[in-house]
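We have chain A already, so just place chains B, C and D on it with the hints.
There are 4 protein chains.
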Amino acid sequence: MQIVDFKAIAANYKVIFFDAFGVLKNYEGLLPGIENTFSWLQATGKEFYILTNDASRSPQELAESYYRAGAYAIAPDRIISSGMLAREYLDLKVNHGTVAYLGTASSAHYLETTGLKTLPISQVDLSDVADINALVLLDDEGFDWNVDLNKTVNLLRRRNIPVIVANTDDTYPVSKTRIAIAIGALGEMIETIVGKQFIRFGKPDAQLFMFAYERLEHLTLRNGRGNNGPVGKRDVLMVGDTLRTDILGGNKFGLDTVLVLTGNTQPQDAEIQIRSTGIIPTYVCESVVISE
Amino acid sequence: MQIVDFKAIAANYKVIFFDAFGVLKNYEGLLPGIENTFSWLQATGKEFYILTNDASRSPQELAESYYRAGAYAIAPDRIISSGMLAREYLDLKVNHGTVAYLGTASSAHYLETTGLKTLPISQVDLSDVADINALVLLDDEGFDWNVDLNKTVNLLRRRNIPVIVANTDDTYPVSKTRIAIAIGALGEMIETIVGKQFIRFGKPDAQLFMFAYERLEHLTLRNGRGNNGPVGKRDVLMVGDTLRTDILGGNKFGLDTVLVLTGNTQPQDAEIQIRSTGIIPTYVCESVVISE
Amino acid sequence: MQIVDFKAIAANYKVIFFDAFGVLKNYEGLLPGIENTFSWLQATGKEFYILTNDASRSPQELAESYYRAGAYAIAPDRIISSGMLAREYLDLKVNHGTVAYLGTASSAHYLETTGLKTLPISQVDLSDVADINALVLLDDEGFDWNVDLNKTVNLLRRRNIPVIVANTDDTYPVSKTRIAIAIGALGEMIETIVGKQFIRFGKPDAQLFMFAYERLEHLTLRNGRGNNGPVGKRDVLMVGDTLRTDILGGNKFGLDTVLVLTGNTQPQDAEIQIRSTGIIPTYVCESVVISE
Amino acid sequence: MQIVDFKAIAANYKVIFFDAFGVLKNYEGLLPGIENTFSWLQATGKEFYILTNDASRSPQELAESYYRAGAYAIAPDRIISSGMLAREYLDLKVNHGTVAYLGTASSAHYLETTGLKTLPISQVDLSDVADINALVLLDDEGFDWNVDLNKTVNLLRRRNIPVIVANTDDTYPVSKTRIAIAIGALGEMIETIVGKQFIRFGKPDAQLFMFAYERLEHLTLRNGRGNNGPVGKRDVLMVGDTLRTDILGGNKFGLDTVLVLTGNTQPQDAEIQIRSTGIIPTYVCESVVISE
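Protein chains in written order, with numbering that gives the first Met the number 0: chain A, 0 to 291; chain B, 0 to 291; chain C, 0 to 291; chain D, 0 to 291.
These are computed hints drawn from the structure, not numbers from a lab.
Heads up, a few of these hints could be off.
Stated by the list, open to error - Taking lysine-lysine and the DSBU-like style, the derived pairs with C-alpha atoms no more than 30 Å apart in a straight line are:
#1 C:K150 x D:K150
#2 B:K45 x B:K232
#3 B:K24 x B:K6
#4 D:K175 x C:K150
#5 B:K195 x D:K195
#6 C:K175 x C:K150
#7 D:K24 x D:K45
#8 C:K232 x A:K195
#9 B:K24 x A:K150
#10 C:K232 x A:K116
#11 B:K232 x D:K13
#12 C:K24 x D:K195
#13 B:K195 x A:K195
#14 A:K175 x A:K24
#15 A:K150 x B:K45
#16 B:K6 x B:K232
#17 B:K195 x D:K232
#18 C:K150 x A:K195
#19 D:K195 x C:K195
#20 C:K24 x D:K150
#21 A:K195 x C:K45
#22 C:K175 x D:K195
#23 C:K195 x A:K175
#24 A:K24 x A:K195
The following block holds chain A by itself, in its conformation from the complex (with noise of 0.2 Å):
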């Protein structure tokens, strides 16, 4: 396994989508020096998204902590999230009622605007459920998950509706030796026990690599930048921390691929996973980080 330099290979393409953490942050916040790579890309005029499997803030939210953290250039119109599709789904297919939700208020928030009520699942009363026409998975917080992950159950048997997961992850981590259950895990324990097929949004799913591509016209119109011809999927760049979400995914959808080893995959481990897993990355760097 040969480990390349990021910039050296991001050169070559016009665009490049990003996962969030384990490539841009960790735990601690930002990676140190993470700024040097937005220059980088601004004085090279390179496009960028972030694919984050997080619905538990909106675009708005999740820009704001960018900002905060001194990452000036991500604009909320940078992230496309799990979440977002969502409510696309919410609103293309839920056309009334009550939408039913596991996460914060917050998580829920951006779902409002769909023209749906939204409950969480706390204050569902299960003798009076004919107004509920979806349940939306979005955040492992928020909730007690005694109560209420049992309390989800009795819905489902009580409602044939649909239920969006909107995180596909089973873990994230809380600090460098921790880790906490995803809203991934417990929707996956919750289809196995009420037996229905639920809708995932989230990497390494076809959709949410599609949504950030479809953007990409639109963007080099209005930039101008006198390509030769469209972008295509030759042009973009995926870079992931993890095989089975960001470099499956983005293999799939038929962009190359780079897995970094500054988030789930630890240096000692990529070259045995790449290969027990067939999951593989078309370059393997150590870090989007570019020292100045």
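Using the frame of chain A, we list chains B, C and D on its own:
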């Protein structure tokens, strides 16, 4: 699908194995008239055992709950629970140190006699886990899921120890219309997250049947009923309300099986479920209750 | 469950996506009267595409088979097959060398235009595999399962290469009462054995829907029908006979969906299957055949 | 991970259970020097049994193959195979009619003594299946996969009968570098396709261990070795080369376990596999071969 009379079938066997929940009792207590069944068993000299995936209480406590409800016939030594297998495992395979557990203090009580120290996950200090040599998942009650399931995942990242799941059920009924998530489902979620192989005790696994079956020779001799030769598998009838645990396990162990329609399997669904799962009981009966 | 008239529903959409098998044709050929449906689509200026998990033949060959059967309306550019996604993947991600395959020579024929050499597994020499850079599973026919499935497993132990499964179906019908094992099921078995992650193309995956959807803008402009604005997901209706592929995929992509009862889903089973899987079509119709 | 001497460990037990393939023999035949191990077992009065997932031949045939290879000590009654459990199942649970099978005629031979008629799938007439009351999957050899696996699927759509898989292994080695697909993997594929629950016999399932364990009391008495009290689980050591079958099954049954490095588990992978699976052998030894 032909529905036959339980008494007429049971008359042909020397020993009856009963599942508990859905067969002898439900969320409201013992089935009305169940005492007739036990009277008939005693009058006809039939042995019986109760095979339960309930590890939340000791056989003594379970027997007391039957006694309080009026089923005087059910002594502790008639009850075989998956918790007893967990205890035997610890006894044989874990020689010293501490056993962490998820469940009520009561469920952990009878593990203590193995000579090992028991400690609820809530009291585990993640920075001091060197003494913890096993983890047992006993019951869905008695702990804070938000906090303690995350703690469990992190414990298993630090210690490569055997994990015993003492109840393989995913859910259990709490009222006519509601169910609750059982420790079996929580265990599967954690197993998937940590990627390790847990040890499960409970039907349909053969070990619970074996535990009951091994007692038969002893009892036969003690009772001195003049059976012609030792009791064999052809003399035992397994009765349960769930195809995937009671009937699959009983069939595989080589026993004739009765599906009753007083629990998990609704009368209108029985035929379709038998056909779609391929789990075929020898007989189907409405109930084990015998009218006087 | 209400059964509605296909023509009345389809009248409200600009574009119809059809599954092929079980919707337009079955093991006996095209459904009698299906030409009326295509006449009506043309008369009313509706676009249509056929989305099929059949990778055993090229769109040209598939279109010819429709033509021979009397469906003159179905040009090759109306057919989107999972094989086309496999070909795009190879085109974008595999730059040189040989692609090994399982399937008929005919199924491999249109992979060849990618510039890569194709080689049936039967001709692979396991002692000389350094040049093999991808494996594609195309069809269950055209090879000796006893010999070539074992050879495939051993190839994947020697070469860590991407494996593309170009048909996600487990089975397909071959007569009124018999089915056959499809390459999707053989692929799952091999994936489990080698423990690697294969790349699957085909419904319910979003990429097949995206492939069809991307053609809509182009066609709309060419036809110049004076639509108000571009075609959006609300203008597209997905029609299929299988809940887990056609309907789940269509729903997730954001389309309205029709379940027809001429294929996999029997009329008497539809309601129970919808309830037990939680996969809910927008409409249920008997058939897409329109009586004149 | 400490590697210890097999003889020093085995000296502490009264009974040794051996896996066959990867422990006593490999694709080239018996391990050189294995006769020393059996001499030592006899000299020290230790009982031993061979627990194998190989259902392709009867214990008699298996014993003859050991004899021909020079291991004179291994009598048929020392061999416990998953095929014996399949036979016991048929004996107890299938009273009449025909048992269809996949496998060689030789593998079916010892099923015949159950009094049931046996019929290879190749000779089944799908229009006349009313007499077929069970299906047994015995061996990957002896039939045409293309034809007979499809026939098997269609048989199971017509007859709701128990299906017994007499070998849980997915693969077996055929040379230093090649493996072959075992009937266990073919069985899983068919089980998924037909959506039914098959009955599996073989490690890690407790029933194979139980079958061997039940023989111990009998042997102890016959041999009259003056053991203090009956043999218990603490007196038995299980030796195997595969974590997920031999070691997991032995541990769960309550036995001390030895992982040897002469088969499936390579010396350089043992530690990482133990850590990643959480399946922890009591001891790790290089080989069971004892140098004189």
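Evaluation of the provided hints:
no., hint, in the structure
1, C:K150 x D:K150, "holds (23 Å)"
2, B:K45 x B:K232, "holds (14 Å)"
3, B:K24 x B:K6, "holds (18 Å)"
4, D:K175 x C:K150, "holds (15 Å)"
5, B:K195 x D:K195, "holds (26 Å)"
6, C:K175 x C:K150, "violated (34 Å)"
7, D:K24 x D:K45, "holds (20 Å)"
8, C:K232 x A:K195, "holds (25 Å)"
9, B:K24 x A:K150, "holds (24 Å)"
10, C:K232 x A:K116, "holds (23 Å)"
11, B:K232 x D:K13, "holds (28 Å)"
12, C:K24 x D:K195, "holds (28 Å)"
13, B:K195 x A:K195, "holds (25 Å)"
14, A:K175 x A:K24, "holds (13 Å)"
15, A:K150 x B:K45, "violated (43 Å)"
16, B:K6 x B:K232, "holds (19 Å)"
17, B:K195 x D:K232, "holds (25 Å)"
18, C:K150 x A:K195, "violated (37 Å)"
19, D:K195 x C:K195, "holds (25 Å)"
20, C:K24 x D:K150, "holds (24 Å)"
21, A:K195 x C:K45, "violated (34 Å)"
22, C:K175 x D:K195, "holds (21 Å)"
23, C:K195 x A:K175, "holds (29 Å)"
24, A:K24 x A:K195, "violated (35 Å)"
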